[in-house]
Amino acid sequence: MRQVAAFFVTVALAASASAQLPGLRRRAPVPPAPVLVGIDALRADFLAHTGADTIFFGSDGVVLGPPAKATLTAQAQWLLQHPEVAVRIEGHADSNDTRDHALAVGARRAEEVRQFLVLMGVPAAQLSAVSMGKERPGLPRAQTILVR
Amino acid sequence: MKFAVPFLVPALLFASAAAAQAPMPVIAVPPLTTPNDKPAGNGATTLAIAWQASQLIAQDLRSTGDMMAVAPQQKDYYSYPEVTAPTFSRWRSKGAKGLLTGFVQARSDGRLTVGCYVYDVDKGRELGRIGFAVDADDWRRAAHKCSGLAYEKLTGSPGTFDTRIAYVAQTGFGDAQVKRIAVMDSDGENHDYVTEAGPMVLTPRLSPRGNRVAYVSYLGGTPHVRVKDLDSGNERPLLPNSLAMSFAPRFSPDGSRVVFSMMNAGNVDIYVVNADGGLPHRLTSAPGVDTEASFSPDGSKILFESDRSGSQQLYVMDASGANQRRVSFGGGWYAAPDWSPDGEKIAFTRRGADGLRIGVMNIDGSGQNVLTTGPRDEGPSWAASSRELIFTRTDPTGRSGIYRVALNGGAARKVTVPQDGSDPDWSGTRD
Numbered sequence: 000m001r002q003v004a005a006f007f008v009t010v011a012l013a014a015s016a017s018a019q020l021p022g023l024r025r026r027a028p029v030p031p032a033p034v035l036v037g038i039d040a041l042r043a044d045f046l047a048h049t050g051a052d053t054i055f056f057g058s059d060g061v062v063l064g065p066p067a068k069a070t071l072t073a074q075a076q077w078l079l080q081h082p083e084v085a086v087r088i089e090g091h092a093d094s095n096d097t098r099d100h101a102l103a104v105g106a107r108r109a110e111e112v113r114q115f116l117v118l119m120g121v122p123a124a125q126l127s128a129v130s131m132g133k134e135r136p137g138l139p140r141a142q143t144i145l146v147r
Numbered sequence: 000m001k002f003a004v005p006f007l008v009p010a011l012l013f014a015s016a017a018a019a020q021a022p023m024p025v026i027a028v029p030p031l032t033t034p035n036d037k038p039a040g041n042g043a044t045t046l047a048i049a050w051q052a053s054q055l056i057a058q059d060l061r062s063t064g065d066m067m068a069v070a071p072q073q074k075d076y077y078s079y080p081e082v083t084a085p086t087f088s089r090w091r092s093k094g095a096k097g098l099l100t101g102f103v104q105a106r107s108d109g110r111l112t113v114g115c116y117v118y119d120v121d122k123g124r125e126l127g128r129i130g131f132a133v134d135a136d137d138w139r140r141a142a143h144k145c146s147g148l149a150y151e152k153l154t155g156s157p158g159t160f161d162t163r164i165a166y167v168a169q170t171g172f173g174d175a176q177v178k179r180i181a182v183m184d185s186d187g188e189n190h191d192y193v194t195e196a197g198p199m200v201l202t203p204r205l206s207p208r209g210n211r212v213a214y215v216s217y218l219g220g221t222p223h224v225r226v227k228d229l230d231s232g233n234e235r236p237l238l239p240n241s242l243a244m245s246f247a248p249r250f251s252p253d254g255s256r257v258v259f260s261m262m263n264a265g266n267v268d269i270y271v272v273n274a275d276g277g278l279p280h281r282l283t284s285a286p287g288v289d290t291e292a293s294f295s296p297d298g299s300k301i302l303f304e305s306d307r308s309g310s311q312q313l314y315v316m317d318a319s320g321a322n323q324r325r326v327s328f329g330g331g332w333y334a335a336p337d338w339s340p341d342g343e344k345i346a347f348t349r350r351g352a353d354g355l356r357i358g359v360m361n362i363d364g365s366g367q368n369v370l371t372t373g374p375r376d377e378g379p380s381w382a383a384s385s386r387e388l389i390f391t392r393t394d395p396t397g398r399s400g401i402y403r404v405a406l407n408g409g410a411a412r413k414v415t416v417p418q419d420g421s422d423p424d425w426s427g428t429r430d
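Just so you know, the sequences run in chain order A and B.
With numbering that gives the first Met the number 0, the residue at position 68 of the first sequence is 67, and numbering never jumps.
With numbering that gives the first Met the number 0, the residue at position 393 of the second sequence is 392, and numbering never jumps.
These are computed hints drawn from the structure, not numbers from a lab.
Errors might be hidden in some of the hints.
Stated by the list, open to error - Chain A regions said to be covered by chain B (calculated; three or more residues, Cβ under 8 Å):
1. 93–102
2. 107–116
3. 130–142
Stated by the list, open to error - Far from chain A by the CB rule (all over 12 Å, computed), these chain B residues:
4. Pro22
5. Ala47
6. Lys122
7. Glu125
8. Ala135
9. Asp136
10. Arg235
11. Ser251
12. Asp253
13. Asn273
14. Pro279
15. Asp297
16. Ala410
17. Lys413
As the structure is a computational prediction, the values presented were derived from the model and not from experiment.
Cβ coordinates follow ideal geometry from the N, Cα and C atoms, glycine included.
Can you build the whole structure from these sequences, using the hints too?
Dropping the structure here:
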């Protein structure tokens, strides 16, 4: 028993000694660059860096408030770093609106967001805007959806 | 003089309840007869079809809520010559003001002749007659035409029996929701899906004769108006090669033009285009949202909604776009106007703190009357009679159904369709 224990101690000492020898230290492999291929991973990264993919409007409002502009500025920065990612902006109206007016207001909200992102330097070709009217119930909002 | 809104609404409700108490005319519908009972396809005989047609006519007339129909009974059979020489005293004693007689006859070519006569029982006088040669399995349309004759002679308004209803049939919720355009006869028969389950579709609008439907489709990503011919099945975008969002289509009364809304640089305006193609012509240019255009029955004017004043209100203009002026001046917001077929009234969706409700007003904006209780009633479309409206009601869980409500009062009634339904549109009488 004692001999076995001594053997283990010897091995342990030898291992730690070799790790400390200059010139023999093995290099850890370089961590790979974060290649985000899957759309879900891209969306998670987008959310983590921008805080929100959705901005909200007042009832019947189409104007961007300061919080919305802060969120969209962060979205624009992320999109500039990911020129390969295409984005669809969906504008929504709430169920208190009437069907066709909701379609128009949703379109204006999506367009407002699209124009702000273009103003921040995002290439227009990267962006598309569509109105969902009041077909997806919820608050008046515009959502930036990564599609590719 | 000013009324606060809470006082105004009960007054309007009371007015409509009083109007509902006017006596309803009674019409007798004894069974149609046949000169000689012959086979008429699908195992039926002319006498059997005559019996079914009589029941359908009585059901049509009862469904309007505008008259009482005495249902056909076996004991009321009459002979073929009595079609044009009825025994008026028999019906007078039962309190009937009107009488409908008729016949179904087999033709040598395998088709049927259906004839109907409507009489004033008190005066013992014929009010009108109508006759058709139809395919044996098309007798329902002939019966609907008979109902239309009786309704028009007794009320002075055209009937809504030989008309079609288009609507959006929907299943599922949220992103899993599937919407399809469906078309059916106004009594629910001949139900058919016009679009496949695929891109989202909205707001079908039938041509006045009910043979074409314009609707909004998300095919390709951008919502745009498409037109489908229901007889041939041919379908195409209203504006070929257009990338702009277009929506809210409506046909002109003669079916030759379509008005619609299109978004251009953040502004939504009303345009008109030939229904068969061509370049659209812009009618409005005010900043804001101009939409839900609806032609007057003579085609000379267009009613629409605009939020140019800061809130949704109703406006009228010449069909050329000239002379735009506001017509709604109530306390709330007004949307989705539809011009009645008789030219007298505007149906609208009222947006208020109490939700969305259906109402009517005169063409000059006077005489507003809210007809439904809400809180999510919208998108009225007139019946050909100008006495009834069809609309969408959404319940608190988000499920929607199709309802119809009569102008002369009474609660809205649900229209039976196979799935949840919304955005109904009612055609005029078919050819």
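Please name the hints from earlier in the document that this structure breaks, with their numbers sorted from lowest to highest. The structure breaks none of the hints.
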